Amino acid sequence: MRRRSGWARLSWAPCPGRRSPVARGSKLRRVAATRQEQRTGQGRIGLKEAISIGIGGMVGGGIFAVLGLAVSLAKGGTPVAFLIAGCIALITSYSYVKLSLAYPDSGGTVRFIDQGFGTTVFSGAINNLLWVSYIIMLSLYASAFGSYAPNLLSITGDRSFDFHIYATAIIVLATVINYYSIAVVGRIESYAVIIKLVILLGFVGIGVYGLFSDPNVGQLAFDQWESPLKLFAGAMVIFVAYEGFELIANAAPDIVSPQRNIPRAYYGAVIFVMLLYIVIAIVTVGSLAFDRVAKAQDYVLAEAARPVLGQVGFTIITIAALISTFSAINASLLGGSRVNNEIAEDDELPKHFTARLWGQPIGLLITAVATVIVVNAFGLESISTAGSIGFIGIFGIVNIVGVKLHRAIGARRAIPLSGAILCFIALAVLVHQEVTDDLTGVLLSAGIIGACFAMEWGYKRSEGARENG
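Residues in the sequence shown are numbered from 72 upward in steps of one, following the numbering used here.
Among these hints, one or two may not hold up.
[What the hints assert, rightly or not] With a straight-line Cα cutoff of 30 Å, these simulated DSBU-like cross-link-like pairs (lysine-lysine) come out:
| # | residue 1 | residue 2 |
| --- | --- | --- |
| 1 | K475 | K531 |
| 2 | K366 | K146 |
| 3 | K301 | K146 |
In short, the hints are calculated from the structure, not lab data. Quick caveat: nothing in here was measured; it's all calculated off a predicted structure.
Start from the sequences and build out the full structure, keeping to the hints where you can.
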């Protein structure tokens, strides 16, 4: 199965017609052609572009949404929480490197799962979970937009009501843009990546300088850290801020000199973002008293700019957050709709999902409506918990694929095995902690996973009955 997402969010060709799920010959020819292209050096994506795909996927709206949540959970240990989450992402990226080299395909994660488990109810359910995880991430980005926007313009004077207006409006606007022009989505994303990195790196540089005279720097001391269990659980809640590195897999067929550049792209992107997040966390914890973090939890990165840059810094970071989350919503909305369409074309969703509306897959509208419902019905922590549970589980499964296929892909079995173990330990710790702290998020996650498996089982059973009848 092919999934068009990640870098391909920016420049999709029209979706092909419905394919028979057993007609794999053309796909094998495409893969063979891709490998020939790679051997002859005709790929279109260099190392810098590949690293940018990973960085852009990770440094989207996630850091703006979850930073305040991270500080509230880990306190002075927030930088360590980002380090823990980053290490799990880095270990998992090893499996992605080996699988991307062995099976270069624009389907990325979905191709790897199909390769490891075949076309089964299990793989179909996980593919559907990936689509739903897009909806969760969209809700996270919309939540961040709705939290930051009232800082620039309050519509009603009631911050809570303004949140719902902005979060809903930005999804509607992004949906309209996606229906209007995919090219516009690509241009927005290209400019946004540059703007947000320039602003964040500037914030980091000035913020580190400001720490030398800030009285709150003592909050980074060891005695200000939360317990190891809560620290680890906090790291897993914010894991969604790292999920975007998997988008490099979607670009793998077009990366030049893949044997050299694919590993460098994955490891370079994850390590860069991990260091960026850790320094941002250090600046935030060292600049703002915990009570101020609690009051500004949903827009804490902007608040962290005040001590050194004043209101100007607050406004600049707010604008960066709005640009970043808006571009992430645009790209993820189109990506989610394409995932939905491709899953349906591979007969893992009813064929009705292959229908088109105004030139785009019907999944675009379905994804948008589902996002509006989730962002207005659930809080930030519940959304973040659900997103982290989804992606940690998916990454754990990709690591299992790495273990199963380690000989075929030339991997050292111990590394994907350790990645799988870490992912599932992380999942268990997260669920254990959040049952107490955020039962709603755990129930939302359980409901989503259960629904994905039940829907896939029911669909495959009905299809089998129809064929036998």
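Do the hints match the structure? See the list:
no. : hint        : in the structure
1   : K475 - K531 : holds (25 Å)
2   : K366 - K146 : holds (14 Å)
3   : K301 - K146 : holds (10 Å)
When each numbered hint is compared with the structure, no violation occurs for any of them.
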